[in-house]
Structures are given as C-alpha cells and as structure tokens.
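Using the sequences plus the hints, can you model the full thing?
Under the numbering used here, the residues of the sequence shown are numbered 42 to 328, in order.
Careful, some of the hints might be misleading.
Unchecked claim - Heads up, simulated DSS-like pairs for lysine-lysine below, C-alpha to C-alpha not over 27 Å straight-line:
#1 K274 / K314
#2 K270 / K314
#3 K274 / K102
#4 K300 / K314
Keep in mind that the hints were calculated from the coordinates and are not lab data.
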Amino acid sequence: MIRSMTAFARAERAGSDGTLNWELRSVNHRYLEPHLRLADALRDLEGAVRDALRQQLSRGKVECTLRFSEANGSKALHIDASRAAQVVAAAESVASLINQPARINPLDVLNWPGVLASNGPDTQTLNAQALALFQEALDELTADREREGTELARLIGERLDALAAEVDALRALVPQMLALQRQRILDRFAELKLEADPQRLEQELVLLAQKSDVAEELDRLATHAAEVKRVLKAGGAAGRRLDFLMQELNREANTLGSKAFDPRSTQAAVNLKVLIEQMREQVQNIE
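As structure tokens, then:
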C-alpha cells in the first residue's frame, strides 16, 4: 500500500499516577528524521521510540511529543527523621558557637537535601505504559498515512490515464501532421516557382521527417506511465522510485516539445508537462 508522509496522531491515557499524552506529526522529508520532545521523567524512552519509528516508517520528518501530568496526591511526602535529626543537631552545634543565634526554621530543615522525599510513580511501570501508548499513536499515524496514500495514488492514477490519452491522440495525429508538413514544403516550392532536384528534395523531406519523428518519445512516455502504475499497485516505500519516474517522464515531454512541428504537437507537449508536474507534486508526499 502506498503511504503519504503527511499525517497526525494523538493518544492519551489516564492512570492513577497521572495522564500520559502523545502527539505525533509527520511531514514529507527525504529521509526518516525523528524529532523527540519527551517529558523529563521519561527521557529514557528516546532509544526505544527511535527504534519503533525505524521499524514502522522509512521516510518523513516525524515530531513526537510526550507530556506527563502527575495526578494530584500521586506524590506522598516522607520525612527522613534520622536525616532531619542530624541536620538539627548540626545546626544546634553551630548555634552554640554564636552569641544570640537565630532560632532554627523548620522549613530550612525540610529544604535540606535528603530530609524531605516523595514517592512518585514507579519509573519502570510508567515507561512501559508510555511506550505502549506510543505504539498506539504510531499505529494511528501509519493508518492515517495509508489513507492519504490511497488518495494520492488515486489522483496520480487519474493523471496517468489523462497522459495515456494525450499520448494515444498524438500518436494517431503524427502521420497526418507529417503529411501536412510535406505538402506545405512542396506548396512553398511551387509558390516560389523553384525547380528542385526531385531526388534531393525527397532526401531532405525524409531527413526532416526523421527529425520530427516522435514515436520513440511516445513509446517511452507510455512505458514510464505503465511503470508508475505498477509501482503504485505494488505499494511499499515507493516515493524515491516514483520521483525518478517523474523525472524520466518530464525528460521525454521536453524532448517531445523540442521536436514539435505542428501547433497540435506543441499543445500536446504542454498538456503532458502540466500532467507530469501535477503528479510530481503529489509524489513529493509519498513515503
């Protein structure tokens, strides 16, 4: 299945320890480029998140944001009485050396490192929950990319059909246009009342017809268009292959335009370039 590189996903889960929230945003990029913004308490997840992205996606700039809001009362405060006693004893020992020392402030004791501690959520459990929730968000992002990719493939398919119609129409007109060109040259000689060597004139007309022959370009356009359809049907990470095919289609359309010798062939070349450019813009978003 063809995937787009543009998508958005969000996943949230509330628990006794608090609420986890993932937001994933994906846009087109030449390679896979993750940008992670994780809550401070969950920064250990970075490696696992990058691994999961590499396993499921191949291209795109992906912004992953994880927020964690702790539940009210999830942190129970605990005083290390032994540590507090040591701090008070040390403060009293110093106070005995001072004339009229200030009274010891209990808040100062609580602020001393190691006196006051809190039991937050279990880190290992929280990491596991956050990683499982990330997989849910990633699956949603992938599904979103697949839905948009299906639509992109449909739009490209419509333009491929229009391109094939242009190629077939021009192919049918080429003999008529060559005959008309030949007749115009003969009429011009007649108007100027010039006598030309019939054999030499025929050679020049053949050479001109060869220079104006666009059968090869039309065949290549048809071949490349068929390959684009095959790649779209095969699915997978086809963006780079499709981009290359768009370049080849554009090259053949340019050559076709340079050989144009009739307003109808000129217009056909322009129409083809417009269709190819429209497809190229859509291909830029394909993984």
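Hints and how they fare:
1. The hinted pair formed by K274 and K314 meets the criterion: a straight-line CA distance of about 23 Å does not exceed 27 Å.
2. Straight-line distance between C-alpha atoms of K270 and K314 comes to about 18 Å, which keeps the hinted pair within the 27 Å bound.
3. Among the hinted pairs, K274 with K102 is consistent with the structure: their alpha-carbon atoms are about 25 Å apart, no more than 27 Å.
4. For the proposed pair K300 and K314, the alpha carbon gap of about 14 Å is at most 27 Å, so the pair holds.
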